[in-house]
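Chemist: Residue-level listing of the chains:
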Amino acid sequence: MQLIIGNKNYSSWSMRPWVLLREAGIAFEEVQLKFDDTGHAKGAERYSPTGKVPVLVIDGEPVWDSLAICESVAERYPEKQLWPADARARRVARSICAEMHSGFQALRGEMPMNIRSRHPGKGRSPESQRDIERVVQIWTTCLDRHGALGPLLFGRFSIADAYYAPVVTRFQTYAVSLPPAAQAYCDAVLALRAVREWMDAARRETEFVAGDEPYASDHR
Amino acid sequence: MKVYGMPFDEKRIHLYAPSSKAEILRYSPAGKVPVLHDEGTVVWDSLAILEYLAEREPRLWPRAAAERARARAISAEMHAGFAKLREHMSMNIRKRYPGKGRTPEVLAEIGRISAIWGEAKGPFLFGEFSAADAMYAPVVLRFRTYAVEGPNRRYMDTMLALPAMREWIEAAEREPESIPELDLYE
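From first to last, the protein sequence lines stand for chains D and V. So the first sequence is numbered by this note's numbering: it starts at 1 and just counts up by one. So the second sequence is numbered by this note's numbering: it starts at 1001 and just counts up by one.
Keep in mind the hints are simulated off the structure, nothing from the lab. It is possible that part of the hints are untrue.
Said to hold, decoys possible - Only pairs whose alpha carbons sit at most 25 Å apart, straight line, appear in this in silico SDA-like list of lysine to any residue:
| # | chain 1 | residue 1 | chain 2 | residue 2 |
| --- | --- | --- | --- | --- |
| 1 | V | K1021 | D | P214 |
| 2 | V | K1084 | D | S102 |
| 3 | V | K1084 | D | K80 |
| 4 | D | K80 | V | P1151 |
| 5 | D | K122 | D | E207 |
| 6 | V | K1084 | D | E207 |
| 7 | D | K80 | V | K1100 |
| 8 | V | K1100 | V | L1053 |
| 9 | V | K1021 | D | P78 |
| 10 | V | K1084 | D | V136 |
| 11 | V | K1084 | D | P214 |
Here the structure is a predicted model, which means the values were calculated and not measured.
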């Protein structure tokens, strides 16, 4: 299997399946394409009809879109239990991943993922604030219900944690202050081996993608 | 659920009314529709609902793993993409706005949908009806409203003839509410 990804500093959609595969210990070959100034991954058309990353190539066939990749991997490796084993927990896990997949536009637009930078307090509009509150509500509801099983959303690691990992890095970049339970969850995600590995690589990247740097002038 | 004969009770909420927000929140933790209540739990978001239903009715996804992966990919692409099409050609079953909404970005998205539909394996996208067809059903209705020609006409006719689609369309045509914000080209 080949996973085609973009810049580790910026590509939140790439981070999700990468963290999933790595944390689950599933072997894959990483192919990194770099973004141009508009955030287009150069050469992605060679791998996917959408021309976007991430793409997972399984047996020569492309599977595009982070959520479809996660579902396909979960199905291919049932022994890894990448969705929660409990049917009710699995429903909630799928719901919150789908909500992330098509929602949180303000959070994504105003607080783009930028792992190596620090822009405390930036990107707070009423809309992004509402998105932050909804994320906190999702996390605390899951943690309340499954906290006895472990520090992650459904106790042990699942697709849901991979899916919210880029949000955790955003909260760090933009210094969002969180209730203790939500902050403890962020710390648990930041301590995951796969997340640390991705973030270390992101910090070593030097490319500057203007389209993902709305606050760069404050920074430089 | 209609196509595969999975029984359910329907509860319709009128959107864009003063009471809508509170009414939706009674049913949906995310504050959005659709939402499915089953066995004492809540599943929200159209794609998550389809995956949940597919666990009970495996025919919802194609049987071959590679086709299933592709069906999931195009469904996810619809779920989070085609923003311009959704903005400029909002679904409006009762109306006819031929030629409206065709910005360059919308035309590019229509081109992508044509490519996806052009690879249809049979009457439906993967031969038999699947969750991917359910995800693209509103696009079929948009193309009808905005008279978009070009994308796989046979596929559109197949979808429009589906009893579940006819039932939805007929109910939509009977709805008394009109939402001025969504009647884009009056």
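Chemist: Please name the hints from earlier in the document that this structure breaks, with their numbers sorted from lowest to highest.
Modeler: 1, 3, 4, 6, 7, 8, 9 and 10
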